[in-house]
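With the hints as constraints, model all of the structure from the sequences given.
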Amino acid sequence: MNAKERVITTLNHEEPDRVPLFCQAIMPRFEINLIEYWGNEYKHDEKYVLYFSDYNIHRKLGFDLCWGFGVVPAKLPRNFLKDYPTPQLEDPNKIIDIDGRVYLRNPEFNMPWYYENYITTEEMADYFYDRYYSIEWEENSNFIPKLNKTLSAYPLDEIVPCAHINSILEPIWEGLGLSLFTKLLRKKRSKLKKYIDLRTKISVKGAKVLAETDFDVFFLCDDTAFKNRTMINPKDHRELIIPAYKKILDELNKAGKYAIFHSDGYTEPYFEGLIEAGFKGVESLEPMAGMNLKHLKETYGDKLCLIGNIDVSKLLPFGTTDEVKQSVKQCIKDAGEGGGYMLSACTDITNACKLENIFTMISATKKYGKYPLKL
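Each residue of the sequence shown is one higher than the one before, starting from -14 at the first, in this note's numbering.
Be a bit skeptical, because a hint or two may be false.
Said to hold, decoys possible - Only pairs whose alpha carbons sit at most 25 Å apart, straight line, appear in this in silico PhoX-like list of lysine-lysine:
1. Lys232 - Lys279
2. Lys220 - Lys60
3. Lys190 - Lys178
4. Lys178 - Lys220
5. Lys168 - Lys212
6. Lys190 - Lys232
7. Lys(-11) - Lys32
8. Lys(-11) - Lys314
9. Lys168 - Lys279
10. Lys314 - Lys339
11. Lys28 - Lys351
12. Lys190 - Lys179
These are calculated hints, taken from the structure and not from any lab test.
Bear in mind that the values here come from a model prediction, so they are computed numbers and not experimental data.
Here's what the structure looks like:
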C-alpha cells in the first residue's frame, strides 16, 4: 500500500499493510539537528512542498500522515484590520490577535508562540467578540481550483498532508484566561455561549469551503484538557462545545472527509461527545496524562481511529532506544489489531527528543506494525 491507501484504510477501521505513522509537527531545533546529522544525505525536493508547507523532513523520516497545511477559508472583510487593528504592546515581539491572545515571537526562529491572555474583563471580551466576530466574514474560496490542481500532482503515495479546521474552545480560554473563562462558564453561561456561537458560525462557513478541497483528512485542534483531568466538566463540554463541533463536521462528513480531534491531556471523558459530533479519530492520547491505549481500544476502537500514545515527556527525550522499541511494540499490541490505529509521538517532536529515539520509533513501527500482527 502507499501512504494514502494506508491512512484511509486505517481510518475505515480495516487492516492496512502496516500501522501508519503520524506526525504533528517537528520543532525547529530538532529539524536543524536532524539536517546536520543527515549531512549530504539530505536532499531538499520541491515536490514535497505544498504552498508554504514543507514536508521534506517528514517524508524522509518515513511518516505517512502529517499536520502542517493551514488555509484561511473564511476571513474578515478587506482592510477591516487596517481600520480596526488589535491593540499594540510596547514589546515589539508580543502580538495580540483577534481572540485576545498574546503571542511572543521567538527571535531565533521568527515564530510566534502563545504567551498569555490579553483580555481580563467581561467588557474587554465583549469588545473583541463584538468587533471581530459579530460582523459578516467573507468566504475565501478563490484558492480552491489552484489548490486542488496542485494536490492532484502531489505525491500522496509517499506522504499525506492534513488541513486544519478552526478550533472553538482553545482560542476562547486562551484569550480570556482560565480565571475569566471559568467565571463566565459558571455565572455568565449565556455570554460564553454567545462567544461560542459567533465562532461556530464562522467555522461552519470555513468548513463549507474546506469541504470543496481535495484534502481527505482534517484536524480540529482544540487543547482543552490537563494531565489526568479535563479542563471543563464533560457535561458542560457536551452541552456547549459538541453542538458546535457537529455543525462544523456536518459540512465535512457530507463531503466524505475524515475529521480528527486533537487535544493534549486527559480527553477520554469527551469521547462520547466527539463520536456524537462526527469525528472519525482522536489524536494525542498522552500516556502521562492518564490515557490508557488498551482501554481506549477496547472501549472506543470500533468508533474512533486512535492516533498516538508514544510518550514525549520522558521516553523520547530521556529513554533508551530499547525502551522506545518496547513502547512501540506495546502500543501496536494494545491497539493495532483490526486496524483503526496510527502510531505517533503524543505531541510535537520537541527539541529535547533524541534523534536515535525518533529513528527507533519509526523503524520499530515499520518492523512490528506489519499486518497480520505477530506480537
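Hint check:
no. : hint              : verdict
1   : Lys232 - Lys279   : 31 Å, violated
2   : Lys220 - Lys60    : 32 Å, violated
3   : Lys190 - Lys178   : 18 Å, holds
4   : Lys178 - Lys220   : 14 Å, holds
5   : Lys168 - Lys212   : 22 Å, holds
6   : Lys190 - Lys232   : 10 Å, holds
7   : Lys(-11) - Lys32  : 16 Å, holds
8   : Lys(-11) - Lys314 : 23 Å, holds
9   : Lys168 - Lys279   : 37 Å, violated
10  : Lys314 - Lys339   : 19 Å, holds
11  : Lys28 - Lys351    : 23 Å, holds
12  : Lys190 - Lys179   : 17 Å, holds
Against the hints set out earlier in the document, violations occur for numbers 1, 2 and 9.
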